[in-house]
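Taken in sequence, the protein lines are chains S and H. All residue numbers for the first sequence refer to numbering that gives the first Met the number 0, where the first residue is 0 and numbers rise by one. All residue numbers for the second sequence refer to numbering that gives the first Met the number 0, where the first residue is 0 and numbers rise by one.
The set of hints was computed from the structure by calculation and includes no laboratory data. This one's a predicted model, so the numbers in the text were calculated from it and none came from an experiment. Any given hint could turn out to be false.
Under the rule of at most 30 Å between Cα atoms (straight-line distance), these lysine-lysine pairs were calculated in the DSSO-like manner [what the hints assert, rightly or not]:
no., chain 1, residue 1, chain 2, residue 2
1, H, Lys252, S, Lys81
2, H, Lys387, H, Lys252
3, S, Lys81, H, Lys280
4, S, Lys89, H, Lys11
5, H, Lys11, H, Lys475
6, H, Lys294, S, Lys81
7, S, Lys46, H, Lys8
8, H, Lys330, S, Lys7
9, H, Lys280, H, Lys252
So the derived label-pair ranges between C-beta atoms look like this [said to hold, decoys possible]:
no., chain 1, residue 1, chain 2, residue 2, range
10, H, Ser34, S, Met0, 31 to 39 Å
11, S, Asp30, H, Glu263, 37 to 45 Å
12, H, Glu36, S, Glu75, 25 to 33 Å
13, H, Glu36, S, Asp47, 50 to 58 Å
14, H, Val87, S, Gly40, 22 to 30 Å
Note that CB positions come from ideal geometry on N, CA and C, so glycine has one too.
Listed below are the residues making up each chain.
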Amino acid sequence: MIEKEKLKDYAAKLMFGMEEEEYTTLQKEFDVILEQMEYIGKIPNIKDVEPMTFPFPLEEAHLREDEIGDYLTVDEVLSNVKHQVRDQVKVPKVVE
Amino acid sequence: MDYKHKSIKELKEMLDKNEVTSEELFKEANTLAHSTEEGNYFVTIIDKYRKRAKEDTLINGIPYALKDNFSTSGILTTASSNILKDYVPVYDATVYKRLKDAGAVLVGKTTLDELAMGGTGTTAHTGIVFNPHDKKRLIGGSSAGSAAAVAAGIIPFAIGSDTGDSIRKPASFGGVVGFKPTYGRISRYGLFAFASSLDHVGLFSRNVEDTAIVTDIIKGNDPKDMTSLKDDNLCYLEHIHDSIKGRKLFYIKEIVDEEIYQDEDIKKTIRTFKELMEKLKKEGFLIEEASIDEKLLKAIYPVYMTISCAEATSNNANLTGIQFGSRKDGKDINEVMFNARTLGFSELIKRRFVLGSYILQKENQEKLFLNSLRVRRLIVDKINELFKEFDGMILPASGSVAPLITDDVKSEKLDPKATVLENHMAIANFGGFPSITLPMYYHNGLPVGVNLTGRVREDSLVLNMAQKIEDVIGIKNKVAGDDDV
Chain S
0 MIEKEKLKDY AAKLMFGMEE EEYTTLQKEF DVILEQMEYI GKIPNIKDVE
50 PMTFPFPLEE AHLREDEIGD YLTVDEVLSN VKHQVRDQVK VPKVVE
Chain H
0 MDYKHKSIKE LKEMLDKNEV TSEELFKEAN TLAHSTEEGN YFVTIIDKYR
50 KRAKEDTLIN GIPYALKDNF STSGILTTAS SNILKDYVPV YDATVYKRLK
100 DAGAVLVGKT TLDELAMGGT GTTAHTGIVF NPHDKKRLIG GSSAGSAAAV
150 AAGIIPFAIG SDTGDSIRKP ASFGGVVGFK PTYGRISRYG LFAFASSLDH
200 VGLFSRNVED TAIVTDIIKG NDPKDMTSLK DDNLCYLEHI HDSIKGRKLF
250 YIKEIVDEEI YQDEDIKKTI RTFKELMEKL KKEGFLIEEA SIDEKLLKAI
300 YPVYMTISCA EATSNNANLT GIQFGSRKDG KDINEVMFNA RTLGFSELIK
350 RRFVLGSYIL QKENQEKLFL NSLRVRRLIV DKINELFKEF DGMILPASGS
400 VAPLITDDVK SEKLDPKATV LENHMAIANF GGFPSITLPM YYHNGLPVGV
450 NLTGRVREDS LVLNMAQKIE DVIGIKNKVA GDDDV
């Protein structure tokens, strides 16, 4: 069974925490997940297969012209910011 | 008057003859949406009617709903997550803009599995979405509210998104048509990304023709989405009744082998499916069974989980509560983000994220992530090889009717017996294939769908073949509560 400490580390890397009993559930779930993952390892001779990161090759890939397109106003950008001061996002002080 | 069973075409005719106004249709939909609130189909119901567009289109004046993970300027958009429960976007998703420009009238934003990362419709911050056919059952997800609202007859069509089968599975459980076209056919601009290489925009309706009508409006190139396809300049509606004589379909024999299943309901679905194949042959389809290595089939689900969870961890890294979303206090910026994410995400989402984090650890990347991407290619190559000979792949969309809502289902604990039958539709996401589910039969009053998947870019042909299949099955425009099912 995967160690709980490892799971806590994975969660911390993504910047969140879970309750102790949630880690216990996850620990059990990982057993099932890892069992399922075994199926990936059962496919033979895949070392030389190119990993598929996209459903099919893009038809056209080009750089667009450097023109001004749609943009948001400062008010729009800040409309969902809970803490702000003088048109800027306010966060806790970094330097004491 | 009851508009529940009317198709888009019929409603449009009524509007043109002034037998009903768009505002009356909106009010009817709004009343129905409010009267079914216990089903939790909507996160937001819009109460103010917005005037129709001037330009005449087939959907001008027709009410519809949008999944709550599409950006709508000035309208609350939560993705059914606590971390976005107060988020009001400042820009429109392309699909919403196109519908607005075409005169369709938005009735509400529909409930989904949190951040679209679920398959049951039970994990929204507002609770479970119930199946309108039977309140003890789930509707499936993640596009749960969109499926349920169309199945309940509130609106004739609704927009959804589909990463593994998030439109096509709830369509099966809701007895409606669910379609996701080729990857890139409909712009993803303004759709909250879950797994970008698998995410598709699509829709629900109650018949194939309506699906073509709406797809014709929302498809097309979008410079704001760099993965959007060039226009195919086809009107799908015009080709919907083309002859299908000689079109070749295959089904995967390992998935529809009645002998391997114990469950009587699954056996019944397979028998019904095989009977349907015989009827389709009589109507001109050529249908054969194809065989695919079981090792590949069993890998579909873990490959899907691996790729989607890994992509989701990075796509959702922007949810910090600082620039937008629910902010929480903390002594420094890291603690602010940590607290916002800890309190903003539900347990299920966190479990999926931890899995994504595990997959992306240096020591697991080659073995899990890259190997999943390799197996993805092998599966897609195999299907494309079959598509050289066949025009489409046809299979049951689910093994049986919508499951009952149980604690296990609610917590979305991974089912160790998860069969290939329940997860094969992710193939269409791996390869970007156009794929549609339509009602196949009713078992004790509950629907089960059939799924058709075609070649990349051949959306028109898929709709054309689906139309014929719908004609043969003879089920369309049904809503929950109809007596004759």
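Taking the hints in turn, this is what the structure says about them:
1. A threshold of 30 Å between alpha carbons decides the hint, and for Lys252 of chain H with Lys81 of chain S the separation of about 56 Å lies outside it, so the pair is violated.
2. For the hint linking Lys387 of chain H to Lys252 of chain H, the alpha-carbon distance of about 18 Å falls within 30 Å, and the restraint holds.
3. Between Lys81 of chain S and Lys280 of chain H, the direct Cα distance comes to roughly 61 Å. Violation of the 30 Å bound is thereby established for this hinted pair.
4. The suggested pairing of Lys89 of chain S with Lys11 of chain H is violated, with an alpha-carbon distance near 51 Å, which exceeds 30 Å.
5. Distance check on the hinted pair: Lys11 of chain H and Lys475 of chain H sit about 18 Å apart at the alpha-carbon level, within 30 Å; holds.
6. Between Lys294 of chain H and Lys81 of chain S, the direct Cα distance comes to roughly 51 Å. Violation of the 30 Å bound is thereby established for this hinted pair.
7. With a CA separation close to 53 Å, the supplied pair Lys46 of chain S and Lys8 of chain H exceeds the 30 Å bound.
8. Pair hint Lys330 of chain H plus Lys7 of chain S holds up; C-alpha atoms about 21 Å apart against a cutoff of 30 Å.
9. Distance hint between Lys280 of chain H and Lys252 of chain H is fulfilled; the C-alpha atoms sit about 17 Å from each other, no more than 30 Å.
10. For the pair Ser34 of chain H and Met0 of chain S, the beta carbons lie near 49 Å from each other, so the given range of 31 to 39 Å is not met.
11. The beta-carbon spacing between Asp30 of chain S and Glu263 of chain H, approximately 30 Å, falls outside the hinted interval of 37 to 45 Å.
12. Distance hint for Glu36 of chain H and Glu75 of chain S: a CB-CB separation of about 32 Å, consistent with the stated range 25 to 33 Å.
13. At roughly 55 Å, the beta-carbon separation of Glu36 of chain H and Asp47 of chain S lies within the given 50 to 58 Å, and the hint holds.
14. Between Val87 of chain H and Gly40 of chain S the beta carbon distance is about 46 Å. The supplied range of 22 to 30 Å is therefore violated.
When the structure is compared with the earlier hints, violations turn up for hints 1, 3, 4, 6, 7, 10, 11 and 14 and for no others.
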